[in-house]
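So the sequence lines, in the order shown, correspond to chains Z and R.
Going by our numbering, the final residue of the first sequence carries number 651, and the count climbs one at a time with no gaps.
Going by our numbering, the final residue of the second sequence carries number 651, and the count climbs one at a time with no gaps.
Calculated from the structure, these hints are not laboratory results.
Here the structure is a predicted model, which is why all the values come from computation and not from measurement.
A virtual CB, placed ideally from N, CA and C, is assigned to each residue, including glycine.
Just so you know, not all the hints are guaranteed correct.
[What the hints assert, rightly or not] With a straight-line Cα cutoff of 25 Å, these simulated PhoX-like cross-link-like pairs (lysine-lysine) come out: (1) Z/K423 to Z/K605; (2) Z/K568 to Z/K558; (3) R/K558 to R/K331; (4) R/K605 to Z/K568; (5) R/K568 to Z/K605; (6) R/K423 to Z/K423; (7) Z/K331 to Z/K558; (8) R/K568 to R/K558; (9) R/K568 to R/K331.
[Unchecked claim] Only some residues are given here: those of chain R computed to face chain Z with a beta carbon under 10 Å: (10) E389; (11) H480; (12) L490; (13) A606; (14) G610.
If you want the building blocks of each chain, they are given just below.
Protein chains: 2
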Amino acid sequence: MQHSTFLDKQVLVTGGAGFIGSNLAIRLRDLGARVTVADAMVPAHGGNRLHLESLGPAVAVLQEPLERMSDDLAACVAAADTIFHLAVQGCHWDSMEEPLKDLHYNCSATLALLEACRRHNPRATLVFASTRQVYGSPRALPVDEGHPLQPVDVNGIHKIAAEHYHLLYHRVHRLPVTIARLTNTYGPRMRIRDARQTFLGLWIRQALEGQPFDVWDGRQRRDFNYVDDVVDALLKMATHPQAIGKVYNLGGDRVYSLRQAAETLTELTGTLHVIRAFPADRKAIDIGDYHASYEAIRSQLGWSPSTTFREGLAAALAYFRAHAHLFQP
Amino acid sequence: MQHSTFLDKQVLVTGGAGFIGSNLAIRLRDLGARVTVADAMVPAHGGNRLHLESLGPAVAVLQEPLERMSDDLAACVAAADTIFHLAVQGCHWDSMEEPLKDLHYNCSATLALLEACRRHNPRATLVFASTRQVYGSPRALPVDEGHPLQPVDVNGIHKIAAEHYHLLYHRVHRLPVTIARLTNTYGPRMRIRDARQTFLGLWIRQALEGQPFDVWDGRQRRDFNYVDDVVDALLKMATHPQAIGKVYNLGGDRVYSLRQAAETLTELTGTLHVIRAFPADRKAIDIGDYHASYEAIRSQLGWSPSTTFREGLAAALAYFRAHAHLFQP
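Start from the sequences and build out the full structure, keeping to the hints where you can.
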């Protein structure tokens with residue numbers, strides 16, 4: 323992508339104070355975009371104003387829930403050249419405990435955003451960050467975008483609905499939308515106070531505190547993306563016309579068992595880990611082995627992950643060591 | 323099914339004052355069940371207290387939205403042996419105009435019901451009436467249950483979510499659920515004041531009033547089920563253990579073009595019809611040709627439709643002629 327693509331462009335990032343959203347907002351600002359962040363700062367989610375502190379007043383922050391669609395927020399939608407929609411609830415466990423909240427945060431918020439686009443700005447490019455969770459337990463590996471959607475938790479059901487909304491508004495109302503299905507993403511500004519943004523968050527905090535971290539079983543094989551690679555993908559999707567109307571898997575540089583991932587973290591921090599049996603209630607919504615084929619986005623948009631797990635994990639650890647104030651419970 | 327199966331059983335029918343719900347409630351009462359109807363009587367939906375007038379006080383009616391889950395409603399859930407969940411918004415067009423309402427009526431209501439079952443009565447058999455709309459435009463005909471789910475409107479998206487909720491609560495929380503995907507259903511007590519429950523409703527009213535009715539294109543091929551056949555299927559599903567955890571298509575005795583269907587209605591009423599071009603905004607959410615394979619429910623539960631379209635249409639017309647007060651706008 324040319325560096326001038328986002329220069330002086332109006333960009334709205336929903337969930338922009340969260341993990342991936344704040345990394346994206348910072349990158350967009352570096353590219354010269356005029357960035358507005360909309361983030362409801364729900365305590366159990368990833369939003370944190372400190373994530374954006376390096377930007378100072380260079381980024382406008384609207385602390386408002388999408389589903390209420392205030393006049394201020396509607397005006398931002400109306401003014402945007404590009405909208406990145408990352409304001410979602412992603413915790414599988416919370417979604418099972420409080421399914422109606424999950425419905426609200428994912429489906430109501432997404433419909434409100436799409437309705438605002440349809441009414442006020444049907445030309446804004448809209449990039450939606452979905453999840454591999456829509457696939458459920460893979461029938462075959464690697465998982466490509468044609469794999470059946472068989473969610474194993476409420477959050478997966480609502481992410482499928484949110485994807486369908488986007489594709490429907492593209493087809494019927496001609497909104498230019500594109501969808502990424504993210505796998506385990508990690509890096510600076512991820513939520514590490516608990517495991518709501520992957521188990522890796524909790525592992526990292528415990529490892530940094532020198533507290534042995536638990537690995538449930540650990541034979542599950544997964545892929546991981548460093549957040550900068552995910553930001554690269556989202557920016558490519560926003561700027562390539564051929565991405566419109568498409569759904570793309572992201573995926574990691576290679577496949578790791580969780581035991582291998584834990585060993586890497588132990589090597590980098592010196593903190594030990596403990597292999598535990600998988601708790602039965604969590605096992606019921608676990609998807610087993612997963613890794614994505616990202617061949618579609620590689621061949622069509624030229625994206626591949628460029629950061630190894632070890633490099634990314636080292637960078638994340640360095641960030642959190644330098645920003646300890648961000649992860650106080 | 324043995325006639326004694328429902329004798330003295332507690333049965334809750336959500337949407338039980340609506341079209342299919344009221345026909346089901348009346349049948350269940352005839353079988354000796356103790357029936358409670360929960361129906362929010364939303365004006366744009368199918369609920370109408372007059373549908374149940376033949377039962378008098380033999381059926382308890384709770385006029386309450388599921389999503390609020392009052393104590394009275396929760397007590398009915400707790401007491402039920404069987405729950406038929408038919409309280410849904412089904413209008414494709416309304417779902418596109420007011421997607422957040424459709425989300426509320428379909429997803430919030432269904433989640434509230436499932437949560438109540440999980441908490442108060444995880445042993446009640448739960449039969450959910452879904453729709454062929456989850457398939458979208460068929461890739462191949464006839465459509466069986468393995469066909470991809472590619473909804474063409476917001477209502478289809480929400481019906482997919484509602485199906486997934488049921489299957490998830492079966493898998494994770496062990497609720498005994500079974501799902502029917504209905505095709506065009508018609509018969510006594512259908513909504514005929516407008517086209518919200520299939521175009522057939524509007525056709526029937528106009529034909530009865532001697533007002534030529536519009537057929538949009540009319541080459542679309544569809545299947546139809548008379549409501550008594552649908553009630554038979556739902557009762558079989560509720561009483562056959564092998565139906566639990568399964569999804570079944572219902573389907574018609576044969577396939578008709580809409581022109582053939584219109585000709586049958588014209589023959590039975592003497593009212594002419596007019597072939598019109600398909601309005602563009604409606605065409606965008608039309609699914610084209612559709613007919614179901616109902617081989618799964620036929621071979622597993624022994625269900626087949628027993629009413630031809632002509633027989634069923636004649637019975638529906640006779641009903642509406644005798645109950646003109648039910649369809650005043």
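Do the hints match the structure? See the list:
no.	hint	in the structure
1	Z/K423 to Z/K605	holds, 22 Å
2	Z/K568 to Z/K558	holds, 13 Å
3	R/K558 to R/K331	holds, 15 Å
4	R/K605 to Z/K568	holds, 23 Å
5	R/K568 to Z/K605	holds, 23 Å
6	R/K423 to Z/K423	holds, 16 Å
7	Z/K331 to Z/K558	holds, 15 Å
8	R/K568 to R/K558	holds, 13 Å
9	R/K568 to R/K331	holds, 23 Å
10	E389	holds, 8 Å
11	H480	holds, 7 Å
12	L490	holds, 7 Å
13	A606	holds, 5 Å
14	G610	violated, 14 Å
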